[in-house]
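Number of protein chains: 2
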Amino acid sequence: MFDSLAIVGATGAVGQEFLHLLEDHLPHVKRIRLLASSSSAGASIPIRGRPHPVETLAQDSFRRIDLAFFSAGAAVSREYAPTAVRGGTLVIDNSSAFRMDPAVPLVVPEVNPQQLAAHQGLIANPNCAAILLAMVLGPLHRAHPIRRVAVATYQAVSGAGRAAMRELEEQTSAVLAGRPAKPEVFPHLCAFNLFSHNSRVDDSGYNDEERKIIAETGKILGVPELAVTATCVRVPVLRAHCEAVNLTFTEPVSEERTREILASAPGLRLVDDRAANRFPMPCEATGADDVLVGRIRQDLSQPDGRGVDLFLCGDQLRKGAALNAIQIAERIMES
Amino acid sequence: MFDSLAIVGATGAVGQEFLHLLEDHLPHVKRIRLLASSSSAGASIPIRGRPHPVETLAQDSFRRIDLAFFSAGAAVSREYAPTAVRGGTLVIDNSSAFRMDPAVPLVVPEVNPQQLAAHQGLIANPNCAAILLAMVLGPLHRAHPIRRVAVATYQAVSGAGRAAMRELEEQTSAVLAGRPAKPEVFPHLCAFNLFSHNSRVDDSGYNDEERKIIAETGKILGVPELAVTATCVRVPVLRAHCEAVNLTFTEPVSEERTREILASAPGLRLVDDRAANRFPMPCEATGADDVLVGRIRQDLSQPDGRGVDLFLCGDQLRKGAALNAIQIAERIMES
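These protein sequences, in sequence, are chains A and B.
Letter by letter, the first sequence follows residues 1 to 335 in the numbering used here.
Letter by letter, the second sequence follows residues 1 to 335 in the numbering used here.
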């Protein structure tokens, strides 16, 4: 049981979503400590009706803290998470710092909860786009091995934080009013525009976000060598990511079989109404716990029947980040 | 030489772009007749400094007209284009009515101009997303046969016409002001949202837009059986379409070779700056003649070196519609 909880990055977009979810989750936690950089410290945030001060993160912030949730970037996790773990705090880290460390479980509770058993005080929460993808690939792969995945993403600006969400709204207002719109958080205009994901592009031409999806999906599914290609794109949407997914199985898998598997998978909701042209959309995924999946169809370019196309959408801040982390904590408490 | 030109659908988004392009193109045309449905007729539109009345489209509208450009939907083309052709008018049809008719050339001038020689009075202008895709696939396929294409689109609202562009702007204003935003042109909210393309979904699960891309790309490239799968999505962008393209060649093709071919292909502009994270974007493709292409990289999920990923963006109203039609007319005049 966790009596005390610290949230590192409490004032960020994911931290705020975490606090919001605490209204319904982890009711046994009695003491909540909010931590942030010194520039954000000093504020007071109400949780369950009581004000909580935001304190400056320090190496001694985790004394007598059972559980810490980190969402303040990889550098902060690298600097502070090891101290917390050594002090006996269970760390769930939303950054990329430790995700590919072989000693660290990388977990989507609906997909690979068994990896939790081997944790050594730190569990990594996967990349948001990788979580959403794994939620759909996990149950399919368990039933019919997947050979190859090609994914194109439509990613909300929330993945870049609260300032990015404000930038989209302010830029859009400016464009509509005919005023100049200057990018600050992003390298390019986001209002009525889209652009390749704003992470570093390596010598292979893939960007860091794509590398995360490729590597983390393989680790979560337990197939490190899984063939995945990804193209990650930011779209002018506030907080739900979509992904167009082209699958190749090792054997023929019908559209009906795919739908049947996904319909009974935990944490997914089928939105696949061809007559009404109703499929997964950010406006319906926003604020929802479930990942929406639809557009399920046989890929006609793979005439051997091994190909399936589908489309998914999930709240980047919720299942893509804070909710998945909370579910990890809940699983550990149950075990 | 064309002395006289009629534009059917002159008040629509593509018709307006056509008129705009006439400032620089087809200078030898002396007489321009603007045609539209009776609800739009009566207006007056200035072209090259002179007012032109918009007349109601009728079966006798094409008398003494050398060239007619149709962009008022498939039903209008089916009803009026045959009369125009019989009267000796060369018709360039932007609708889907005749595109897959084996007797009708379906042409992207940079890619398959040879098909123009066989025309019988009517030439079809391909679907906007198919034109942009063919511009990139054409030169690649000529050098290295393509085996399979998987494409995910990010399509602007302009493909659904001027009312759709207004809807995006008005809905976005409403959402920002906290007012209710009611979809009218589209079945779903378009402000800060995205949704599967608003065309009919058939029993296979593909929608009409995807079917057009699949069939038309094969016809333009001269490989009707080309294996193509597509996922078409509307995004809150005004008038430039993007496409994430995953290619499989019949032989290994390097990233460098792909870039070399595309760099020298007519009508394309490489935007592929990894260090600056600068790739094709709607805000730079809008109003441009060229199709932008970048994110060119070896697809690491195809370890035999036959896979390439890339991303393209082009103005839906310009190269995706009006400009391509004008270029068809210009090619015919040159021949």
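A few of these clues could be false.
Put simply, identical chains are the same to the list, so a pair is met inside one copy or across any two.
Straight-line distance between alpha carbons at most 20 angstroms, and here's what the computed SDA-like set of lysine to any residue pairs gives [said to hold, decoys possible]:
id : residue 1 : residue 2
1  : K182      : L238
2  : K182      : N277
3  : K182      : E251
4  : K182      : G49
5  : K30       : P51
6  : K182      : R278
7  : K30       : I45
8  : K30       : L90
9  : K30       : V175
10 : K30       : D3
11 : K30       : A103
12 : K30       : R331
13 : K182      : I261
Derived by calculation from the structure, the hints in this document are not laboratory data.
For each hint, the structure was consulted:
{"no.": "1", "hint": "K182 / L238", "verdict": "both (18 angstroms within a copy, 18 angstroms between copies)"}
{"no.": "2", "hint": "K182 / N277", "verdict": "between (36 angstroms within a copy, 17 angstroms between copies)"}
{"no.": "3", "hint": "K182 / E251", "verdict": "neither (50 angstroms within a copy, 45 angstroms between copies)"}
{"no.": "4", "hint": "K182 / G49", "verdict": "neither (39 angstroms within a copy, 35 angstroms between copies)"}
{"no.": "5", "hint": "K30 / P51", "verdict": "within (14 angstroms within a copy, 76 angstroms between copies)"}
{"no.": "6", "hint": "K182 / R278", "verdict": "between (35 angstroms within a copy, 16 angstroms between copies)"}
{"no.": "7", "hint": "K30 / I45", "verdict": "within (16 angstroms within a copy, 71 angstroms between copies)"}
{"no.": "8", "hint": "K30 / L90", "verdict": "within (16 angstroms within a copy, 79 angstroms between copies)"}
{"no.": "9", "hint": "K30 / V175", "verdict": "neither (47 angstroms within a copy, 38 angstroms between copies)"}
{"no.": "10", "hint": "K30 / D3", "verdict": "within (5 angstroms within a copy, 84 angstroms between copies)"}
{"no.": "11", "hint": "K30 / A103", "verdict": "neither (30 angstroms within a copy, 76 angstroms between copies)"}
{"no.": "12", "hint": "K30 / R331", "verdict": "within (19 angstroms within a copy, 76 angstroms between copies)"}
{"no.": "13", "hint": "K182 / I261", "verdict": "neither (46 angstroms within a copy, 35 angstroms between copies)"}
The structure shown violates the earlier hints numbered 3, 4, 9, 11 and 13.
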